[in-house]
Amino acid sequence: MATASDDVRKKLKALGTKVTKEIEAKESPRIEIPVRGLSNVEYDEKSGLLKLGGQVSKRSFLNYAHAKKFMQTMLVANFAYNELLKTGIHTSLRDMFYALKRTLPGSNENTFEEQIESDHCVVDLEVSVDTLREDLHLSADVRGRVVGPVVIKDRGDTIDWAKLGSGGWAIPSNVEEIEFKKVDAKFILVIEKNAAFERLHEDRYWEKNNCIIVTTQGQAARGPRRLIQRLSTEYKLPVYVFTDGDAYGWYIYSVIKYGSMALAHTSDRLGTPDAKFLGLTMKDIEKYKLEKYTIKAKPVDIKRAKDMMKYDWFQTKAWQNELKTMLEKGYKAELEALSSKGLKFITETYLPEKIKNKDFLE
Amino acid sequence: MVDIHKDFAEHSVAEFFKKNRQMLGYSGKIKSLTTVVHEYVTNALDACEEAGIPPDLYIQVEKLGQEHYKVIVEDNGPGIPKKLVGKAFGKMLAGTKFHRFQQARGQQGIGGAGCVMYGQVTTGKPTKVVTSNGNGTIYECRLTIDVKINEAKIADEKEYSGQMRGTRIETELKDVLYQKSDQNPDEYLRRTALANPHVKFTYINPDSLTTVYDRAIDAVPPMPKASQPHPKGITVDDLLSMTSNTTARTTKSFLTTEFSRMSSAKADEVQKQTSFDMNKRPKDLTWEEAEQVVSAIKKMTFIAPPTDVLIPISESHLEKALENILKPEFKSVLTRPASVYSGGVPFVVEVALAYSGKAGKQIPEGSSPEQFQDRMEIMRFANRVPLLFDSGGCGITKAVQSVEWKRYGLQPDLPLTVLVNFTSIHVPYTGAGKQAVIDDEDIIKDIRLALMEAGRKLGLYVSGQRRQHESETRLKELMRYVDPVAEALHGLTDTSLTKLKKELKELIEAKYSAGEIEEGNGEELEKVEELEENGNSE
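Chains Y and F, in that order, give the protein sequences.
As numbered in this note's numbering, residues 1 to 362 make up the first sequence, in order.
As numbered in this note's numbering, residues 1 to 538 make up the second sequence, in order.
Please keep in mind that the hints were generated in silico from the structure rather than gathered at the bench.
Errors might be hidden in some of the hints.
[Said to hold, decoys possible] Here are the simulated lysine-lysine pairs, DSSO-like style, with alpha carbons at most 27 Å apart:
id : chain 1 : residue 1 : chain 2 : residue 2
1  : F       : K158      : F       : K125
2  : Y       : K58       : Y       : K193
3  : Y       : K58       : F       : K299
4  : F       : K499      : Y       : K101
5  : Y       : K18       : F       : K358
[What the hints assert, rightly or not] To give an idea of the chain F side of the interface with chain Y (calculated C-beta under 7 Å), a few residues:
id : residue
6  : Y461
7  : G464
8  : Q465
9  : M479
10 : R480
11 : D494
The beta-carbon is built from N, C-alpha and C at its ideal position, and this holds for glycine as well.
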């Protein structure tokens with residue numbers, strides 16, 4: 001722990017020293033930040049992960065358009081260096097925003113107006129000094145829960161994921177220090193929606209099928225993604241992703257499997273290339289006669305589906321068919337549509353059939 | 001002193017006026033008041049200038065009651081001989097200006113008498129005239145017009161000793177209205193002062209507010225020369241009215257003596273195209289024969305008319321006038337070379353753009369009376385006379401609006417005054433009210449060219465200003481970031497805080513105080529996929 005934070009402190013200090021030297025040399029002080037977003041993301045077929053490309057943008061203090069962000073980035077760097085890493089304190093993005101927000105003298109302008117501004121600075125720092133927010137002692141989202149036949153050790157406490165009542169274990173933002181004591185599962189089922197997770201947990205699906213079930217509660221936060229990756233790689237467990245049959249659901253799957261475009265620099269630690277998409281698929285809708293329970297696709301769904309058809313990592317025949325069918329049919333379906341067949345249909349019919357037949361999209 | 005009183009001629013149109021007063025500018029309560037001020041001021045200026053005296057005018061508009069005002073105009077001119085007072089103010093078309101081809105403020109000699117008539121018709125009261133040539137005797141009378149015979153009726157004549165030179169005239173008016181507007185006497189005089197920098201105006205408005213426009217130049221501008229009309233500019237009607245004043249015995253000699261550029265050979269050319277004998281007495285010409293002459297002229301070519309008969313305000317005088325009255329931050333003034341319209345009438349276009357200072361107009365914005373929005377203001381002039389009405393139908397307005405101001409970086413919300421003065425022997429007004437110039441292609445083109453050139457110059461200045469301003473704003477904003485950046489760097493590296501602050505400030509100043517701005521290229525860092533946005537904050 002101490003070494004990790006020392007290492008990050010060294011990197012932050014190096015950034016400060018570089019900028020200070022530029023100022024002394026009467027040059028425009030600047031920070032180099034790899035460009036994030038689709039234009040600078042490459043799909044690495046070998047690893048099956050999204051990687052950050054080589055484009056770098058320069059954030060210069062003397063450029064009027066960059067000046068404020070430059071100032072903000074420096075404030076965040078100093079905050080992590082002195083307030084968090086030096087003292088060993090961890091905090092949330094929101095806390096940091098409040099700690100750094102103040103009014104600039106003689107103006108109505110604040111150092112940060114919205115939390116999104118300081119959030120962006122954190123990601124910028126992560127990529128520019130090549131670290132992770134967890135290592136900056138900043139916690140990301142705490143979202144996502146897990147149950148299953150697993151025993152872990154966390155900050156000295158032994159926790160049995162099978163004995164946590166109805167709630168399950170809330171996945172923290174940093175799972176690096178979690179120690180797995182016992183893992184008896186055969187696979188991991190990742191569920192987008194909390195309601196479906198509750199249903200499965202109530203039926204003790206994980207016990208009957210000897211698996212781990214995780215809910216991401218929407219787009220997967222970093223904690224659950226890292227946890228899924230660790231379990232998958234350390235215990236060779238297959239990962240099945242179960243989401244709504246729409247662009248949003250497919251994207252959740254994509255992020256879990258390949259890493260995200262915004263955080264492509266973290267794919268190595270957050271992506272699980274072996275993950276498979278279980279459903280809900282367009283074929284499921286036909287097979288289980290769910291047409292009546294579909295929803296008309298909105299323009300934004302159509303647009304996203306079209307965009308995804310172009311992504312390098314969606315070029316498999318199965319996925320191209322899936323996206324094409326969606327565009328042809330013009331509908332999407334939520335996984336709750338399966339409940340139209342009865343409340344136990346998911347646990348007793350749908351999931352066992354899908355898994356037994358290996359009916360996945362890849 | 002020049003004798004300016006010898007060629008008064010008589011015309012009986014008083015009754016016509018009474019029935020058609022709207023044609024002469026007496027339509028609407030606001031316009032009528034401004035028209036009276038205009039007519040008296042024009043007469044006063046002409047009297048002074050013809051006598052070579054730098055005009056010093058006193059104007060007062062006094063409120064007497066509901067829609068009831070008194071207009072007083074006093075000049076320092078040569079005064080009017082007692083014998084001619086009746087003719088000068090009591091007779092329509094009695095002036096020296098009618099049937100003369102000379103650049104002049106008015107054109108029909110109906111002005112002064114029209115005011116007397118308007119006062120008389122609306123209040124039943126006579127106009128008071130006080131005049132003296134400065135010899136120690138002052139003459140005073142009250143006059144009205146006998147409409148039937150177009151003669152002045154003079155009453156209460158007095159002569160007394162006293163020191164005065166000039167003429168003072170007082171007329172009471174009803175059915176007129178003074179109100180805040182850019183068509184009231186205040187604005188009329190402001191604009192008149194702009195176009196006549198050699199005149200001093202002292203003006204007291206109905207709210208008893210005194211405004212003094214001092215002269216910006218001392219010399220009286222040279223009097224425009226009278227000239228003969230150019231054949232190309234003539235109409236059948238003009239031709240026939242000229243025949244009544246000529247001493248020529250034949251139509252041919254009438255043409256060669258009364259027109260410029262009409263040689264004997266050219267007159268013969270006209271003869272070839274007409275069916276009547278040009279030895280005919282000009283007074284006997286019929287309308288049809290006159291028509292033949294005019295259409296023959298249309299097919300012929302003539303040497304262009306002389307342009308030295310036009311006296312524009314001049315660039316330097318306009319500049320001084322702008323300085324004096326609008327005090328603009330920047331001005332761009334241009335006098336175009338003389339040009340001709342309708343084939344032969346010479347004219348000169350002058351434009352002035354005045355930016356900031358007192359230029360432009362302010363229109364209220366929002367509910368608060370203190371909030372104003374700057375707007376471009378168009379000032380139209382014909383022979384130095386401001387045109388305040390009928391702006392929509394005016395060729396000058398069309399020319400101003402046809403310029404793409406935005407191309408020069410001039411937005412409509414700038415404090416900008418656009419002044420256009422159209423100088424000509426014959427101003428082609430759209431109507432007898434003389435408030436708008438026709439939208440003739442040649443005229444509009446010339447005005448446009450002048451405005452575009454002046455606009456380019458102003459545009460360069462304004463964009464430079466904007467850059468300077470922007471640069472200052474940016475410098476100020478960046479300075480705010482010095483402390484946080486210095487503190488952060490101090491925290492990371494332990495470098496001296498004072499040193500960091502000093503060096504950062506120097507860097508910003510070096511870049512931004514030069515008035516230079518770098519067009520910031522926005523960063524591409526934030527193109528984060530929309531779908532992921534909900535994952536990053538707590």
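Structure-based check of each hint:
no. : hint            : verdict
1   : F:K158 / F:K125 : holds, 18 Å
2   : Y:K58 / Y:K193  : violated, 40 Å
3   : Y:K58 / F:K299  : violated, 73 Å
4   : F:K499 / Y:K101 : holds, 25 Å
5   : Y:K18 / F:K358  : violated, 53 Å
6   : Y461            : violated, 23 Å
7   : G464            : violated, 18 Å
8   : Q465            : violated, 18 Å
9   : M479            : violated, 9 Å
10  : R480            : holds, 4 Å
11  : D494            : violated, 9 Å
Violated hints, listed in ascending order, are 2, 3, 5, 6, 7, 8, 9 and 11; each of the other numbered hints is respected by the structure.
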